[in-house]
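**Student:** The whole structure should be built from the sequences, with the hints applied where relevant.
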Amino acid sequence: MTENTANLSQKTTRPGGFIWQEHLPGGAHWSGIIRRGTVLRLTDIEGNANVSMLMNNIEVKNERYNMPDTLKAQKTAFLTKPNMCFTDMGRVICSIIEDTCGWHDTIGGLSHAKSVQQKYGDKSYQTAHNDYFKNGYDSLLNELEKWGLNASDIMPNINWFSKVRVEDDGSMTYVPNNSSAGNYVDLRFEMDAIVCLSTVQHPLDPAPEYNPKPIELTVFKADVIKKDDACRLHRAENERAYYNTKIYYGENPNDEC
Amino acid sequence: MTNANIDANRIVYREVVEAGDPWMHEVKAGQRFRIVDLEGNQAVDTLFYNAHDHSERYSATDTIREQGNIYLTKGSVLQSNLLNPMLTIVDDTCGRHDTIGGACSAESNTVRYAIEKRHMHSCRDSFLTALGQCECNADKPMTKGDLSSNINFFMNVPVSPDGHLDFDDGISAPGRYVEMEAHMDTLILVSNCPQLNNPCNGYNPTPVEMIIWK
Numbered sequence: 001m002t003e004n005t006a007n008l009s010q011k012t013t014r015p016g017g018f019i020w021q022e023h024l025p026g027g028a029h030w031s032g033i034i035r036r037g038t039v040l041r042l043t044d045i046e047g048n049a050n051v052s053m054l055m056n057n058i059e060v061k062n063e064r065y066n067m068p069d070t071l072k073a074q075k076t077a078f079l080t081k082p083n084m085c086f087t088d089m090g091r092v093i094c095s096i097i098e099d100t101c102g103w104h105d106t107i108g109g110l111s112h113a114k115s116v117q118q119k120y121g122d123k124s125y126q127t128a129h130n131d132y133f134k135n136g137y138d139s140l141l142n143e144l145e146k147w148g149l150n151a152s153d154i155m156p157n158i159n160w161f162s163k164v165r166v167e168d169d170g171s172m173t174y175v176p177n178n179s180s181a182g183n184y185v186d187l188r189f190e191m192d193a194i195v196c197l198s199t200v201q202h203p204l205d206p207a208p209e210y211n212p213k214p215i216e217l218t219v220f221k222a223d224v225i226k227k228d229d230a231c232r233l234h235r236a237e238n239e240r241a242y243y244n245t246k247i248y249y250g251e252n253p254n255d256e257c
Numbered sequence: 001m002t003n004a005n006i007d008a009n010r011i012v013y014r015e016v017v018e019a020g021d022p023w024m025h026e027v028k029a030g031q032r033f034r035i036v037d038l039e040g041n042q043a044v045d046t047l048f049y050n051a052h053d054h055s056e057r058y059s060a061t062d063t064i065r066e067q068g069n070i071y072l073t074k075g076s077v078l079q080s081n082l083l084n085p086m087l088t089i090v091d092d093t094c095g096r097h098d099t100i101g102g103a104c105s106a107e108s109n110t111v112r113y114a115i116e117k118r119h120m121h122s123c124r125d126s127f128l129t130a131l132g133q134c135e136c137n138a139d140k141p142m143t144k145g146d147l148s149s150n151i152n153f154f155m156n157v158p159v160s161p162d163g164h165l166d167f168d169d170g171i172s173a174p175g176r177y178v179e180m181e182a183h184m185d186t187l188i189l190v191s192n193c194p195q196l197n198n199p200c201n202g203y204n205p206t207p208v209e210m211i212i213w214k
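Going line by line, the protein sequences match chains A and B.
Each step along the first sequence adds one to the number in full-length UniProt numbering, with nothing skipped, and position 42 is 42.
Each step along the second sequence adds one to the number in full-length UniProt numbering, with nothing skipped, and position 75 is 75.
Check the hints yourself; a few may be wrong.
[As the list claims (entries may be wrong)] Straight-line distance between alpha carbons at most 30 Å, and here's what the computed DSS-like set of lysine-lysine pairs gives:
hint, chain 1, residue 1, chain 2, residue 2
1, A, LYS221, A, LYS61
2, B, LYS140, B, LYS74
3, B, LYS140, A, LYS61
4, A, LYS61, A, LYS246
5, A, LYS146, A, LYS227
6, A, LYS227, A, LYS123
7, A, LYS114, B, LYS140
8, B, LYS144, A, LYS114
9, A, LYS227, B, LYS117
10, A, LYS146, A, LYS123
11, B, LYS117, A, LYS61
12, A, LYS61, A, LYS75
13, B, LYS28, B, LYS214
14, A, LYS246, B, LYS117
15, B, LYS144, A, LYS146
16, A, LYS146, A, LYS61
17, B, LYS140, B, LYS28
18, A, LYS61, B, LYS144
19, A, LYS226, A, LYS81
20, A, LYS227, A, LYS75
21, B, LYS28, B, LYS117
22, A, LYS114, A, LYS146
23, A, LYS81, A, LYS246
24, B, LYS74, B, LYS28
25, A, LYS61, A, LYS81
26, A, LYS61, A, LYS226
27, A, LYS246, A, LYS226
28, A, LYS146, B, LYS140
29, A, LYS81, A, LYS221
30, A, LYS75, B, LYS117
31, B, LYS74, A, LYS119
32, B, LYS144, A, LYS246
33, A, LYS81, B, LYS117
34, A, LYS226, B, LYS214
35, B, LYS117, B, LYS144
36, A, LYS114, B, LYS74
37, A, LYS75, B, LYS144
38, B, LYS28, A, LYS114
39, B, LYS74, A, LYS75
40, A, LYS226, A, LYS146
These aren't lab readings, by the way, just hints derived from the structure by calculation.
Remember, predicted model here, so these are calculated numbers, not experimental data.
**Tutor:** Here it is in structure tokens:
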């Protein structure tokens, strides 16, 4: 057992079968390939986690998660089960097949070095070593660059486990305590994807302390996707995006596998 | 107070962009840029770039978060992805502009309306047409990867407290305009939206006028 797996929950299962698991501390950044046909579970270990995420198609890298296309097609401003995350090319990059939290932010964006400094003060590597203050923008940029991507790929991102409410006059309110310990969201990937994420605090989190929370990544094998899949059936738009995705992979969209 | 009439001597650029057309132009720091909705209910899909470094560009999420409101109107500071002010909306006779709804595309039209709608004219195709023909491409090509979430001037995309999002009829009218002052030399990329399938431009795309003055 490696050091990184020593404190994992291990207990999490899905019918399709466990593949791997990894613990991410608060303030970390991470990227990797999540394959089509697998489920990525994000678990909020202590509660009040925030996971800022971007997704790109690994084959055609300028195909990427698109916030407006995702929201418009499903007439929602936030994400939960059974929403799908659409790319800018009319396809599905992942589907939300389980969600014990209920609301994930799509409009709050990322923290920046200057906003983190204004809010929390300075904590550099020289004074704090690996506990130095991270920010969402630089964290995701760092991971994107490992895959040949760059600043132009920083698009409106998802902030898993965070909630931003919009009043009728358009004003935005960060809703604290949206997620409690043990909440998770299961993302079934429909496309081989580059996934970049940061566990820095949400940019609208009013807490005065820099105290980002840890999460756990777990990957399972996905079940066969049936015609009565809740995400596909959610809206006619979802089924058409799924159809486009099947065609992209050279598969008959009417086959149940 | 609105200032509908601009001193003709100060105008450096003036052009009508026909329904469905792309348009690209630079506005210099300190200059003002006005978009006039000539016939009303039009949606003007707009992106902004630092004219000297296109990797710095308008950021929808940074803009709405920093002002604490999802709608753009007079006083809104349009932020870049580096959290620098690009332009400020200094006058607005419409009252509300969208920056969450994004731009229509051939591909998203297949999802939203029907697979067969792919071949209809779309904003992201217009953006790509403009980028492909732009002289700004000579030294550092701009590509699809440079297309981020845009502003839809004159468009109404309300979000409710329970998180519902919808496209509503426009709240603009003939002659209404929005006016910005540039804080940096800014490249403006516009698709005068040709979308025929939703009420964002009343199912009837119409021309707009662009005016730049000093």
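**Student:** Take the hints in turn and mark each one as holding or not.
**Tutor:** Structure-based check of all given hints:
Among the hinted pairs, A/LYS221 with A/LYS61 is consistent with the structure: their alpha-carbon atoms are about 24 Å apart, no more than 30 Å. Of the supplied pair hints, the one linking B/LYS140 and B/LYS74 is violated, its CA atoms being roughly 34 Å apart against a limit of 30 Å. Proposed proximity of B/LYS140 and A/LYS61 is supported: the alpha carbons are some 19 Å apart, at most 30 Å. Restraint check: the Cα-Cα separation between A/LYS61 and A/LYS246 comes to about 18 Å, which is no more than 30 Å; the hinted pair holds.
About 37 Å separates the Cα atoms of A/LYS146 and A/LYS227, which puts this hinted pair outside 30 Å; it is violated. Restraint check for A/LYS227 and A/LYS123: the C-alpha separation of about 52 Å exceeds 30 Å, so the hint is violated. Only pairs whose Cα atoms come within 30 Å are accepted, and A/LYS114 paired with B/LYS140 is accepted, the gap being roughly 28 Å. Note on B/LYS144 and A/LYS114: the hinted pairing holds, with a Cα-Cα distance of about 29 Å set against a maximum of 30 Å.
At roughly 24 Å between alpha-carbon atoms, A/LYS227 and B/LYS117 fall within 30 Å of each other, so this suggested pair holds. Taking the CA atoms of A/LYS146 and A/LYS123, the gap is about 25 Å. The hint holds against a cut of 30 Å. This hinted pair checks out: B/LYS117 and A/LYS61 have alpha carbons roughly 25 Å apart, not beyond 30 Å. A threshold of 30 Å between alpha carbons decides the hint, and for A/LYS61 with A/LYS75 the separation of about 27 Å falls inside it, so the pair holds.
Annotation: proposed proximity of B/LYS28 to B/LYS214 holds, straight-line Cα distance about 9 Å (limit 30 Å). A C-alpha spacing of about 18 Å is found between A/LYS246 and B/LYS117, which places the hinted pair at or below 30 Å, so the restraint holds. Annotation: proposed proximity of B/LYS144 to A/LYS146 holds, straight-line Cα distance about 20 Å (limit 30 Å). For the given pair, A/LYS146 sits about 12 Å from A/LYS61 by alpha-carbon distance, which is consistent with the 30 Å threshold.
Taking the CA atoms of B/LYS140 and B/LYS28, the gap is about 20 Å. The hint holds against a cut of 30 Å. About 11 Å separates the Cα atoms of A/LYS61 and B/LYS144, which keeps this hinted pair within 30 Å; it holds. For the proposed pair A/LYS226 and A/LYS81, the alpha carbon gap of about 16 Å is at most 30 Å, so the pair holds. Taking the CA atoms of A/LYS227 and A/LYS75, the gap is about 22 Å. The hint holds against a cut of 30 Å.
With a C-alpha separation of about 38 Å, the suggested pair B/LYS28 and B/LYS117 falls outside the 30 Å cut-off, and the hint is violated. With a C-alpha separation of about 24 Å, the suggested pair A/LYS114 and A/LYS146 falls inside the 30 Å cut-off, and the hint holds. Among the hinted pairs, A/LYS81 with A/LYS246 is consistent with the structure: their alpha-carbon atoms are about 21 Å apart, no more than 30 Å. A hinted pair counts as satisfied when its Cα atoms are at most 30 Å apart, and B/LYS74 with B/LYS28 qualifies at roughly 20 Å.
Restraint check for A/LYS61 and A/LYS81: satisfied, since their Cα atoms lie roughly 26 Å apart, inside the 30 Å limit. Distance hint between A/LYS61 and A/LYS226 is fulfilled; the C-alpha atoms sit about 28 Å from each other, no more than 30 Å. Annotation: proposed proximity of A/LYS246 to A/LYS226 holds, straight-line Cα distance about 13 Å (limit 30 Å). With a C-alpha separation of about 22 Å, the suggested pair A/LYS146 and B/LYS140 falls inside the 30 Å cut-off, and the hint holds.
At most 30 Å may separate the alpha-carbon atoms for a hinted pair to count; A/LYS81 and A/LYS221 meet this at roughly 18 Å. A distance of roughly 19 Å separates the Cα atoms of A/LYS75 and B/LYS117; the hinted pair therefore holds under the 30 Å criterion. For the suggested pair B/LYS74 and A/LYS119, the alpha carbons sit about 27 Å apart, so the restraint of at most 30 Å is met. Simply put, B/LYS144 and A/LYS246 have alpha-carbon atoms about 23 Å apart, close enough for the 30 Å limit, and the pair holds.
A threshold of 30 Å between alpha carbons decides the hint, and for A/LYS81 with B/LYS117 the separation of about 28 Å falls inside it, so the pair holds. This hinted pair does not check out: A/LYS226 and B/LYS214 have alpha carbons roughly 61 Å apart, beyond 30 Å. For the hint pairing B/LYS117 with B/LYS144, the CA-to-CA distance comes to about 21 Å; that is within 30 Å, so the pair holds. Of the pairs offered as hints, the one joining A/LYS114 and B/LYS74 holds, with about 25 Å between alpha carbons and a cut-off of 30 Å not exceeded.
For the proposed pair A/LYS75 and B/LYS144, the alpha carbon gap of about 25 Å is at most 30 Å, so the pair holds. Taking the CA atoms of B/LYS28 and A/LYS114, the gap is near 26 Å; set against the 30 Å cutoff, the hint holds. Of the supplied pair hints, the one linking B/LYS74 and A/LYS75 holds, its CA atoms being roughly 27 Å apart against a limit of 30 Å. Our distance criterion of 30 Å between C-alpha atoms is broken by A/LYS226 and A/LYS146, whose separation comes to about 35 Å.
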